[in-house]
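Peer 1: Below are the chains, spelled out letter by letter.
Protein chains: 2
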Amino acid sequence: MALIVQKFGGTSLATPEHIKRVALRVVEERKKGNELVVIVSAMGATTDELIELSRKISQNPPARELDMLIATGEQISSALLSMAIHAKGEKAVSLTGPQVGILTDSFHTKARILKVNSKRILNELRKGNIVIVAGFQGTDYESNITTLGRGGSDTTAVAIAAALKADICEIFTDVDGVFTTDPRIVPEAKKLPSITYDEMLELASAGAKVLQSRSVEFAAKYNVKIHVRSSFHGKEGTIVMKEIESMESVLVRGVALEKNQAKISIDGVPDYPGVAAEIFEPLSKENINVDLIVQGAPDREGKSEITFTVDREETEKVIKIMAKVKEKLGAGKVGCDKGVAKVSIVGVGMRTHPGVAARMFKALSREKINIELISTSEILISCLVREEEGEKAVQALHKEFELEKMQ
Amino acid sequence: MALIVQKFGGTSLATPEHIKRVALRVVEERKKGNELVVIVSAMGATTDELIELSRKISQNPPARELDMLIATGEQISSALLSMAIHAKGEKAVSLTGPQVGILTDSFHTKARILKVNSKRILNELRKGNIVIVAGFQGTDYESNITTLGRGGSDTTAVAIAAALKADICEIFTDVDGVFTTDPRIVPEAKKLPSITYDEMLELASAGAKVLQSRSVEFAAKYNVKIHVRSSFHGKEGTIVMKEIESMESVLVRGVALEKNQAKISIDGVPDYPGVAAEIFEPLSKENINVDLIVQGAPDREGKSEITFTVDREETEKVIKIMAKVKEKLGAGKVGCDKGVAKVSIVGVGMRTHPGVAARMFKALSREKINIELISTSEILISCLVREEEGEKAVQALHKEFELEKMQ
Numbered sequence: 049m050a051l052i053v054q055k056f057g058g059t060s061l062a063t064p065e066h067i068k069r070v071a072l073r074v075v076e077e078r079k080k081g082n083e084l085v086v087i088v089s090a091m092g093a094t095t096d097e098l099i100e101l102s103r104k105i106s107q108n109p110p111a112r113e114l115d116m117l118i119a120t121g122e123q124i125s126s127a128l129l130s131m132a133i134h135a136k137g138e139k140a141v142s143l144t145g146p147q148v149g150i151l152t153d154s155f156h157t158k159a160r161i162l163k164v165n166s167k168r169i170l171n172e173l174r175k176g177n178i179v180i181v182a183g184f185q186g187t188d189y190e191s192n193i194t195t196l197g198r199g200g201s202d203t204t205a206v207a208i209a210a211a212l213k214a215d216i217c218e219i220f221t222d223v224d225g226v227f228t229t230d231p232r233i234v235p236e237a238k239k240l241p242s243i244t245y246d247e248m249l250e251l252a253s254a255g256a257k258v259l260q261s262r263s264v265e266f267a268a269k270y271n272v273k274i275h276v277r278s279s280f281h282g283k284e285g286t287i288v289m290k291e292i293e294s295m296e297s298v299l300v301r302g303v304a305l306e307k308n309q310a311k312i313s314i315d316g317v318p319d320y321p322g323v324a325a326e327i328f329e330p331l332s333k334e335n336i337n338v339d340l341i342v343q344g345a346p347d348r349e350g351k352s353e354i355t356f357t358v359d360r361e362e363t364e365k366v367i368k369i370m371a372k373v374k375e376k377l378g379a380g381k382v383g384c385d386k387g388v389a390k391v392s393i394v395g396v397g398m399r400t401h402p403g404v405a406a407r408m409f410k411a412l413s414r415e416k417i418n419i420e421l422i423s424t425s426e427i428l429i430s431c432l433v434r435e436e437e438g439e440k441a442v443q444a445l446h447k448e449f450e451l452e453k454m455q
Numbered sequence: 049m050a051l052i053v054q055k056f057g058g059t060s061l062a063t064p065e066h067i068k069r070v071a072l073r074v075v076e077e078r079k080k081g082n083e084l085v086v087i088v089s090a091m092g093a094t095t096d097e098l099i100e101l102s103r104k105i106s107q108n109p110p111a112r113e114l115d116m117l118i119a120t121g122e123q124i125s126s127a128l129l130s131m132a133i134h135a136k137g138e139k140a141v142s143l144t145g146p147q148v149g150i151l152t153d154s155f156h157t158k159a160r161i162l163k164v165n166s167k168r169i170l171n172e173l174r175k176g177n178i179v180i181v182a183g184f185q186g187t188d189y190e191s192n193i194t195t196l197g198r199g200g201s202d203t204t205a206v207a208i209a210a211a212l213k214a215d216i217c218e219i220f221t222d223v224d225g226v227f228t229t230d231p232r233i234v235p236e237a238k239k240l241p242s243i244t245y246d247e248m249l250e251l252a253s254a255g256a257k258v259l260q261s262r263s264v265e266f267a268a269k270y271n272v273k274i275h276v277r278s279s280f281h282g283k284e285g286t287i288v289m290k291e292i293e294s295m296e297s298v299l300v301r302g303v304a305l306e307k308n309q310a311k312i313s314i315d316g317v318p319d320y321p322g323v324a325a326e327i328f329e330p331l332s333k334e335n336i337n338v339d340l341i342v343q344g345a346p347d348r349e350g351k352s353e354i355t356f357t358v359d360r361e362e363t364e365k366v367i368k369i370m371a372k373v374k375e376k377l378g379a380g381k382v383g384c385d386k387g388v389a390k391v392s393i394v395g396v397g398m399r400t401h402p403g404v405a406a407r408m409f410k411a412l413s414r415e416k417i418n419i420e421l422i423s424t425s426e427i428l429i430s431c432l433v434r435e436e437e438g439e440k441a442v443q444a445l446h447k448e449f450e451l452e453k454m455q
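Line order of the protein sequences matches chains A and B.
Converting from the first sequence to this note's numbering requires adding 48 to each position, the first position being numbered 1.
Converting from the second sequence to this note's numbering requires adding 48 to each position, the first position being numbered 1.
The shape of chain A in the complex, shown without the other chains (with noise of 0.2 Å):
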């Protein structure tokens, strides 16, 4: 008998027909003789069309009232899930975060989990029932509805995963499980049947979307096994976890495409200690995200160039803010450039293997492909290139470490 986590994502709980096929799937695995604990996203579209409706009351409403709003969306789909079970014969329990005992810090909206209390949960199992978790929730100190940030109902699997020691977190979603690059992109891309803790974090900073990276880490710092699979059919997926066998002798396991990037430079900056602080701390004040960082070697007046990447999204918030930071350091101009996006690969086989660069920058100057920015990391090759060369450089790059005989 095994304690198996499940987390099944809104689009496998869109209507009620799909809740009553998410049940069928539930049941044949209690019929197996294991325990579960089932974590659910909110139906379909739920989360957007409760933003809609606050919208409607208020174009600034505080976030605490939002959490409180949004959270309704994960109670719902629980309790039908519940419901849905019992209707096939078997014993169910809802529980919403707060019931749980999911304790988090009190950043309404992109709150963090401080703590899982398993009591509950551990009670229902023994009981006999499944148990099903609204997931992407928790309450702070004060007994307030806190979420997770988009994407948190993985982090609230996994965290409970680790909470109970399951033997597996099986995330349930609408693609065959991770892939070596994107198969709109490249047809021949290969489902990897697993990949590290760091790959996988990696894969997602560089673009890849199928978990939010903050349940990842929160595996890996717990090693909780992760199985990311289809919600439409029964194949195996893939299993993100700390160590695979042999696996270094994979050099690269893939290819990650981010489009919608934007590029923003200063020139003529002062080269002294703090200079970039002074620079990136009021972005981070705002919550913007700085992806890559390049800053050149001074000149002769000791004044250099940086360089820096941010969600595309952002760039008039961003440019607003170097306005200030400029006249501050008086520095040269902001330069902005919106048509970039970044290719990168992935794979804890660099870690051992010198050449791995040079091999993805000869593969990209084969097809005349321009690199604007360079950045690595242990594990990890991104490069800045034009976004209209984006996929053509992730076609290059995917045929030149032969991914698609990965097995």
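Hints were generated in silico from the structure; no laboratory data involved.
Keep in mind that the hints are not guaranteed to be accurate.
Subject to a maximum C-alpha distance of 30 Å in a straight line, what follows is the list of computed DSBU-like cross-link-like pairs (lysine-lysine) [said to hold, decoys possible]:
no.	chain 1	residue 1	chain 2	residue 2
1	A	273	A	239
2	B	104	A	79
3	B	365	A	136
Chain A stretches covered by chain B per the calculated footprint, using a threshold of three residues with CB under 8 Å from any CB of chain B [claimed, not checked]:
no.	stretch
4	56-69
5	120-128
6	141-147
Glycine included, every Cβ here is placed at the ideal spot set by N, Cα and C.
Could you slot chain B onto chain A? The hints should help.
Peer 2: Chain B in isolation, oriented as in the chain A frame:
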């Protein structure tokens, strides 16, 4: 400075526009310097829609899961009203029943309030917040979400007013107050400036649907003054209170009509102690509410006829149960008449003025209305009549007791 509890029903909160109007009204009251706790029902038809949704999953969902589902309706409206108040520049915070600490028993979908914890509300008031509470819901000892049955938000409001020792509990509704009778039947019907708890309770049991009976019982028990008033304008409504000055000078305060009644009779019932229990216990076990009960005098063989009324929609269930009871008791045949209505007069003045019943019967007989069954309490007289004569009976009684002259 007064502490005021206000309750707004679903029709007053049906759309975002409605919610903004309620917010305006709340903020106006706040600006007079009063402390406010506002209890809300679900928006418009939300509860029915959620029940409809559950029916698509299961025809017979577990009551616990149904509560989990429908409690979201009030959570949504509480969050939205809080947002609307914020948008008007006042501080507000929404709380669910469990967050307040409204402790109930575990009879899901019709739970009763056991205790209200006033701590959280008082804390929020102290911080200068208008406190918005999701009505209709609570939590049992095991932290399961419970609901209080239709109209339960009234009870939430009164219970909170009692716990906080509020100066008044204002129930905003779509009528102007409590009337001498239904103005659709008698256009001359008058709005009552005040009414006692007892009269209000009897009127509710007699078919008037202004307040949930349980809320009035609660108000009577804790002496909470209720103001039933319109949400559409600022005019005074009806005060429901313990005693009304010179109240016994008014003989009859209201006339009520309840249609959709069915009369069930079972004859040849042997006459021994406990036989009534054998008839009515199986009904109460099925949660069927029996209203009027009349037992005839036993015949020569010591057998009598027992007649009672139930809601018409329960008829089939009751007939089935009575068929079994008949077998068990060796009684005669079970009769059923679905064409009856109940007309009642209510007034605390009856206590001290004899002859009210006689005047009622005479007024009905003048209109050639046959009385099929009579039941009386200290301050109420109910007569069962043919359904098609119900409205004529109400008109005759309203006139007989000169209720159009009520001040």
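Peer 1: Please go over all the hints and tell whether each is borne out by the structure.
Peer 2: Results of checking the hints against the structure:
1. A/273 to A/239: Cα-Cα ~18 Å, so holds.
2. B/104 to A/79: This hinted pair holds, its Cα atoms lying about 24 Å apart.
3. B/365 to A/136: holds (26 Å)
4. 56-69: holds (count 3)
5. 120-128: With 6 residues in contact (Cβ-Cβ under 8 Å with chain B), the coverage given for the stretch 120-128 of chain A holds.
6. 141-147: Per the Cβ count (5), the hint holds.
In this structure, every one of the numbered hints holds.
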